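> Protein sequence lines, in the order shown, are assigned to chains A and B. The first sequence maps to residues 46 to 116 in the numbering used here. The second sequence maps to residues 332 to 849 in the numbering used here.
It cannot be assumed that every hint is accurate.
PhoX-like mimics (lysine-lysine), calculated; alpha carbons at most 25 Å apart, straight line [stated by the list, open to error]:
no., chain 1, residue 1, chain 2, residue 2
1, B, Lys422, B, Lys366
2, A, Lys61, B, Lys768
3, B, Lys733, A, Lys86
4, A, Lys61, B, Lys835
5, B, Lys705, B, Lys772
6, B, Lys785, B, Lys485
7, B, Lys674, A, Lys86
8, B, Lys566, B, Lys497
9, B, Lys814, B, Lys768
10, B, Lys705, B, Lys645
11, B, Lys762, B, Lys785
12, A, Lys86, B, Lys729
13, A, Lys61, B, Lys729
14, A, Lys86, B, Lys645
15, B, Lys422, B, Lys566
16, B, Lys705, A, Lys61
17, A, Lys61, B, Lys772
18, B, Lys645, B, Lys767
19, B, Lys731, A, Lys61
20, B, Lys761, A, Lys61
21, B, Lys750, B, Lys767
22, B, Lys741, B, Lys762
23, B, Lys422, A, Lys61
24, A, Lys101, B, Lys705
25, B, Lys729, A, Lys87
26, B, Lys767, A, Lys86
27, B, Lys731, B, Lys814
28, B, Lys741, B, Lys767
29, A, Lys87, B, Lys731
30, A, Lys61, B, Lys767
A partial selection of chain B residues facing chain A, derived with a Cβ cut-off under 10 Å [claimed, not checked]:
no., residue
31, Asp551
32, Asn554
33, Ser557
34, Gly567
35, Asn579
36, Val583
37, Val586
38, Leu596
39, Tyr597
40, Val615
No wet-lab data here; the hints were simulated from the structure. Note that the coordinates shown come from a computational prediction; the quantities given were computed from them, not determined experimentally. For each residue, glycine too, the CB sits at the ideal point set by N, CA and C.
If you want the building blocks of each chain, they are given just below.
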Amino acid sequence: MLLQKIMEKNPTMPEKLQMVDFLIPNATLSAFDLELTDETKKFLDETRQQQEELLKLKQISDEQLRMVVQL
Amino acid sequence: MNNFAWLFNFKLLQVTIQVFDEQNFADALSNAYTKPEAIKIKNHFQYFKDYLGNGGGLNAQYMVIEENYISKDYLHDYATYYAFCFENYPKFCKRIHFFNTTVTAELLNKAILGTLDSPVDFWSSYLGFIVVKPIPTTVIGFTVLKDYNSSNNKIDRHFWGLRYYKVHVFGHELEINSLAFQEQDTVLAACATTAIWSMLNKASTDSHTILKSPNQITRDAANISSDGSRLFPNKGLSVLQICQAIFNSGLVSEVKTMQPSVTNLYTKKILNAYSPIGIPIILVIKVPEGIGHGLHAITVSGYNQSPPSAIAPKPDISWHAENIDRIYAHDDQFGPFVRINFKDDIDLITPWTDNHPQHLPTNVTNIIIPLYPKIRITYEDIEFIVRGLDAILSLFFKNKIKYDLVWDIKIQFSENFKKGLLSIALDEEKKLTLLKKSMPKYIWSASCYMDTSKVFEFTFDATDVSSNMIAEDLIWYLPDTEKEILHEYLTRNRSIFESTLIKKQRQHYYEFLLNRLS
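Can you build the whole structure from these sequences, using the hints too?
Here it is as structure tokens:
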């Protein structure tokens, strides 16, 4: 009943998603054991490196803090 | 030219109506210390002429000029500094009102008295005002003008840093959605102070944040200048002093930087992430000036961003923030809502670039994000987690999906997040659970899109400590069968994937994922 009232108020609510709309032809999703190939290891290592880079963004130097914004 | 005047308590209130053209506009902006010829060579004059003009601007037709106007903002600065000058600077300003319709004395009188046949049409043509200060050269005072969307509404343009101003015009109360602008007077305020002032104009709509005059903001920043000399005339503020002034107004700051310059992608990510809070964001930019560069501060209150679209799968993570292709900022050396475009990885095209003889680019050196103090989790804390999730999901979907996963990280008021849930296709039971759930005031959401559809969304408590497991919920928009398959996949490969999530609490994050997928 509540959903019906919401639909009346928001008639443009999208329909529920169907996975088939996002899959390439003949593809199916499955729960597989991931093989740690060199490519996969490299991908995961790169992810970790990118995460570490994010932590460095938190550091601002004293010199930067004292730059005068004057124009 | 139509003139009429009323005598009121020894103050002569003179109101003049003028056609909006170049000469009349220069005359209107002039004062006893600054002649129209000097006005015409100001960057502001050129900018406002275009902004108010009819080539993509607000299409102003007429000006109504109000003499002997008391501007509260200028009065504060006058009382603090100009009143003590030997020179007898006036305390009265003039205010120029702009209309995009024809205005005559008869029409204006009827509009004021409320005897027009269609008063709504007249007052809806009101575009805003500029206060002209009675000081040398830096004449542009408190200015509130409609934004671009008012004349040419484009759905991709998002002005998130605006507020409603009540403008009282001859007894009538009008409302304009905008962000106040003024140019620095180079005495009580340089660009940094003016940028903070514009930002506080919006932030102070929250009762815990205080709007101060430029002079008060500069005083909040420090007692003396960075080099030890007097604070006034002010020659600028350091990044640290900017943050101090922001702190004294009831907010806290996050300062972002990169070497050699902040990348355009990072700028887009930050603007995209923090814009839902509604507080304008200050960019410290390196602008070309003469043979070198100088540092300048601007206040960003909007951007142009296309909606999510289909992207083919690619190795690098995709961000919805990449769809921002232009930003709008108050630049006190030009005007409000200055258009800034991105070029390559680190260059911006600003009016500074356009006006420079060699068109040298502008670069971002710092991003200063004013925030409410309860927001403790940073954007980087969330991107850290999202990168881990993207890695896991990319391997799960690899070679099976048509579209790349596109992530949209944003901080929101939880009340707005709940409002958004009302129009989303979700199980009634799940929707009710979320709507009734007690949430922190601020939440981070990391939404994942495929094509134009949101497929799932993670929420995080933005008020918690980063060392805790801050994930709140996973909202799944795909069919439940896919959820079960993903749960099984995560269970099988847990030993590999746990290390890609946050280092602290990784076990709890993984348990959270499995729990929400079961």
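> Run every hint past the structure and note whether it holds.
Hints, verified against the model:
1. Lys422/B with Lys366/B: Cα-Cα ~19 Å, so holds.
2. Lys61/A with Lys768/B: Cα-Cα ~23 Å, so holds.
3. Lys733/B with Lys86/A: holds (24 Å)
4. Lys61/A with Lys835/B: Status violated; Cα separation ~36 Å.
5. Lys705/B with Lys772/B: Measuring from Cα to Cα gives roughly 8 Å; hence the hint holds.
6. Lys785/B with Lys485/B: holds (23 Å)
7. Lys674/B with Lys86/A: violated (34 Å)
8. Lys566/B with Lys497/B: violated (33 Å)
9. Lys814/B with Lys768/B: Since the Cα atoms of Lys814/B and Lys768/B sit roughly 22 Å apart, the hinted pair holds (cutoff 25 Å).
10. Lys705/B with Lys645/B: Violated. Lys705/B to Lys645/B sits at ~37 Å, over the 25 Å cutoff.
11. Lys762/B with Lys785/B: holds (16 Å)
12. Lys86/A with Lys729/B: Judged against 25 Å, a Cα distance of about 15 Å means the pair holds.
13. Lys61/A with Lys729/B: holds (23 Å)
14. Lys86/A with Lys645/B: Holds. Lys86/A to Lys645/B sits at ~17 Å (cutoff 25 Å).
15. Lys422/B with Lys566/B: holds (24 Å)
16. Lys705/B with Lys61/A: It is violated: about 36 Å lies between the C-alpha atoms, which goes past 25 Å.
17. Lys61/A with Lys772/B: Violated, at roughly 29 Å.
18. Lys645/B with Lys767/B: Not satisfied, since the Cα-Cα distance of roughly 39 Å exceeds 25 Å.
19. Lys731/B with Lys61/A: Given that 25 Å is the threshold and the Cα spacing comes to 20 Å, the pair holds.
20. Lys761/B with Lys61/A: OK: Lys761/B and Lys61/A at ~14 Å, within 25 Å.
21. Lys750/B with Lys767/B: Holds. Lys750/B to Lys767/B sits at ~12 Å (cutoff 25 Å).
22. Lys741/B with Lys762/B: holds (20 Å)
23. Lys422/B with Lys61/A: The given pair, whose Cα atoms are some 63 Å apart, is violated under the 25 Å limit.
24. Lys101/A with Lys705/B: holds (23 Å)
25. Lys729/B with Lys87/A: holds (15 Å)
26. Lys767/B with Lys86/A: Measuring from Cα to Cα gives roughly 43 Å; hence the hint is violated.
27. Lys731/B with Lys814/B: The hint holds at about 16 Å.
28. Lys741/B with Lys767/B: Answer holds: Lys741/B to Lys767/B is near 22 Å, not above 25 Å.
29. Lys87/A with Lys731/B: holds (20 Å)
30. Lys61/A with Lys767/B: Answer holds: Lys61/A to Lys767/B is near 22 Å, not above 25 Å.
31. Asp551: Constraint on Asp551/B not satisfied, violated at 15 Å.
32. Asn554: Violated, about 16 Å.
33. Ser557: Hint on Ser557/B: holds, closest Cβ of chain A at ~5 Å, below 10 Å.
34. Gly567: It holds, given that the least Cβ distance between Gly567/B and chain A is near 3 Å, below 10 Å.
35. Asn579: It is violated, given that the least Cβ distance between Asn579/B and chain A is near 17 Å, above 10 Å.
36. Val583: violated (15 Å)
37. Val586: Holds - the Cβ of Val586/B comes within 10 Å of chain A, reaching about 5 Å at its closest.
38. Leu596: violated (12 Å)
39. Tyr597: Nearest chain A Cβ about 8 Å off; hint holds.
40. Val615: holds (5 Å)
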